[in-house]
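Engineer: Each chain, letter by letter, is given below.
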Amino acid sequence: MHQPHAEPRRSIYYDYRVHDAAPCPATGVDATPVVVVGAGPIGLVAALGLGLQGVRCVLLESERQVSEGSRAIVFTRRSMEILQQVGVSDAVLQRGLPWRFGNSHYRGQRVFRMEAPHDDDQRFFPMTNLQQQYLEEYLLDAVARQPLIDLRWGHKVTQLLRNEAGGAHPDAKHPETERPGAELEVDTAEGPYRLRADWVVACDGPRSALRQLCDLRMDGAAYEGKFVIADIRIDLPLPTERLAFFDPDWNPGNTVLMHREPEGIWRVDYQLPVGETPEQALAPESMKARIDAQLAAIGHAGKPWEMDWCSVYSARAMTLPDYVHRRVVFAGDAAHLLPIFGVRGANTGFQDAQNLAWKLAMVIRGTAGPGLLASYSAERVKAAREIIDEAGKSTRFMTPPTPGFRLLRDAVLSLSLTQEFVRPLYHWRTSRPHEHRDSTLNAAGDDNALFAGGPGHGAALPNLRLDDGSFLLDLLCGEAAAGFSLLVFGPELSAALVEAVQAWRARGVQLRIVFVSRGDAPPAQGAERTLTDPTGRLHRHLAVAGESAAYLLRPDQHVCARWLAPSASRLDAALRSALALA
Amino acid sequence: MPTPSNGLSLPDLEQVYDTLAETLDLAPEGKRELLLVKLALLQAQALGDRATFDHLAATALRDL
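Those protein sequences? They're chains A and X, same order as listed. Heads up: the first sequence at position 125 corresponds to 125 in the numbering used here, and the numbers run straight through without jumps. Heads up: the second sequence at position 28 corresponds to 28 in the numbering used here, and the numbers run straight through without jumps.
Derived by calculation from the structure, the hints in this document are not laboratory data. Among the hints, a few may not be true.
In silico lysine to any residue, SDA-like type, Cα no more than 25 Å apart, as pairs [to be verified]:
#, chain 1, residue 1, chain 2, residue 2
1, A, Lys393, X, Leu34
2, X, Lys31, A, Val274
3, X, Lys31, A, Ser414
4, X, Lys31, A, Gly253
5, X, Lys31, A, Trp250
6, X, Lys31, A, Arg396
7, X, Lys31, A, Leu417
8, A, Lys303, A, Gln271
9, X, Lys31, A, Lys303
10, X, Lys31, A, Gly225
11, X, Lys31, A, Gly108
12, X, Lys31, A, Leu425
13, X, Lys31, X, Leu56
14, A, Lys393, X, Asp54
15, A, Lys393, X, Ala51
16, A, Lys393, X, Gly48
17, X, Lys31, A, Glu420
18, A, Lys393, X, Val37
19, A, Lys393, X, Leu36
20, A, Lys226, A, Gln294
21, X, Lys31, A, Leu407
22, X, Lys31, A, Gln271
23, A, Lys393, X, Glu14
24, A, Lys393, X, Asn6
This structure is a prediction, so every number in the text was calculated from the model and none was measured.
Assemble the whole structure, with the sequences as input and the hints as a guide.
Structural biologist: Quick look at the structure:
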């Protein structure tokens, strides 16, 4: 019988609430279209994403309270856009600390300053710092407003009893096991029950039980360097910027990172000296001496501070080669482990969850071909591999894995005091929105290559500021997130295009039209929204040079087709590609 | 194969030989490798030619 901690976790700034464990189904058996395993940030966003699509799910969480410690604390602009779609970005902005500068220090000198681009055309800052407990709390508030999600605290997956893709596959020994779907054994304080689901979404974190139950292996590299990660309450008169200190006197050869968090908390990360165990590193006297030394190194010796939470992590850059294993689909840390120096963990996971939710929903609803789910794996595994490649560069700089890499890193540190050309090597290559440029969902016969700029195949739509002060991506939130959107530019909205859109709606595919006209125009017949663009800003940013054009956007706000000369038949072809019906 | 430059004259090569040896001797004990790597990076930047650098690195690895 599963007995999760019933006592609130300890924190000096966050009041943990222990939720009542959900009852065990009386019959010992239960069924649901989708079960999402793990109510961390990724599982919560996945469940909310399914809710936006009108799909019911059971969300299982083995604990009865939110994350222990602040964990993921930096959320990128793209993550904020995803969080806006699931309805929590306002809450995050209210408490979160926005920022855009990063500083690398060596021998008391600032040797590199990262400036993430930011302008008026952005609703969100490049980065927002917020402790994971608060983010989970806001996501849980959104879950409470979503009747399609059945959240079960204190329910732990212990076995995968069945996982059938359907059709004839070689493991199917008995006809009854060929019915597609999965069955889990779930343990509760009252005992176990069996939960049948058409699909299981595994968001159960870096030590994913489902990954082990499926006997799947990740490929990639584990780096030797280990980091202590500590949250302290201290009053430091420093702005919200990322601070990195290389080779400080108190920790020679190693790296120290600092981030401001809300509620007067600072994150201090520092590398363990070679040969030291996590237990030694987390000993209170060791932590105190080292944090005091770091504070002294930045000119705040003796300043009082209080520890909230500490842990040890090591940098790994690994991914499953396929995120869809019959009826179990992996997302977030369950699917990949990414070094956190570039804020890649949760920020990559949100993109997984957003990508998966609409695809799974459309496969379940029968409006898409089965290839749609394969495209989730193809797009996100490719994204993970690109991130791993980039992350490898910054990880090799932060924690050099071999004598050669260490010599080069040390040479760059030394040269950077006087030589400008090596300083960009400090760049930590932050998580960025992935462009699914060669996705099979992109339209093959559109005019993508004929546009002189703007977001191309697979790119997320830029969040341009509109004349009324709202932003372009606002139009793709709420109801619009449940389907595709067609952004049509032109003097008028063609009746044939509207008819084609209505035909898709009749087939159960949600598709909204946003019509953009250059001059003042009455609301276009057949469009959900009409925008006027008298200054031509939208036209310019989306590279609409001529009279007309159109962009087709997936529910996750990524472009899957664009035309200079849109037509009903071209729209039909693009939607067939985007739904894997072709 | 990168195009070889005209290289140094013999007197200049002899001077480089001495300068490099003396610079290595000026480096504190245990810092000679670091100095050589810094020098290699500065030379690569001055060279401005990745293919030539790759070739030179492979040449240096020979017959160690």
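Engineer: Could you run down the list of hints and mark each one as holding or not?
Structural biologist: Cross-check of the supplied hints:
1. Lys393/A / Leu34/X: Cα-Cα ~20 Å, so holds.
2. Lys31/X / Val274/A: holds, 20 Å
3. Lys31/X / Ser414/A: Distance ~11 Å between Lys31/X and Ser414/A Cα, so the pair holds.
4. Lys31/X / Gly253/A: The given pair, whose Cα atoms are some 14 Å apart, holds under the 25 Å limit.
5. Lys31/X / Trp250/A: holds, 20 Å
6. Lys31/X / Arg396/A: Holds. Lys31/X to Arg396/A sits at ~21 Å (cutoff 25 Å).
7. Lys31/X / Leu417/A: holds, 17 Å
8. Lys303/A / Gln271/A: holds, 22 Å
9. Lys31/X / Lys303/A: violated, 36 Å
10. Lys31/X / Gly225/A: holds, 23 Å
11. Lys31/X / Gly108/A: holds, 21 Å
12. Lys31/X / Leu425/A: Given pair Lys31/X, Leu425/A holds - Cα atoms ~22 Å apart, limit 25 Å.
13. Lys31/X / Leu56/X: holds, 23 Å
14. Lys393/A / Asp54/X: Between Lys393/A and Asp54/X the Cα gap is close to 19 Å, so the pair holds against 25 Å.
15. Lys393/A / Ala51/X: Satisfied, since the Cα-Cα distance of roughly 20 Å is no more than 25 Å.
16. Lys393/A / Gly48/X: OK: Lys393/A and Gly48/X at ~21 Å, within 25 Å.
17. Lys31/X / Glu420/A: holds, 22 Å
18. Lys393/A / Val37/X: holds, 18 Å
19. Lys393/A / Leu36/X: Given pair Lys393/A, Leu36/X holds - Cα atoms ~22 Å apart, limit 25 Å.
20. Lys226/A / Gln294/A: holds, 17 Å
21. Lys31/X / Leu407/A: With a Cα-Cα distance of about 10 Å, the restraint between Lys31/X and Leu407/A holds, given a limit of 25 Å.
22. Lys31/X / Gln271/A: Roughly 23 Å between the alpha carbons, so the hint for Lys31/X and Gln271/A holds.
23. Lys393/A / Glu14/X: violated, 39 Å
24. Lys393/A / Asn6/X: Roughly 36 Å between the alpha carbons, so the hint for Lys393/A and Asn6/X is violated.
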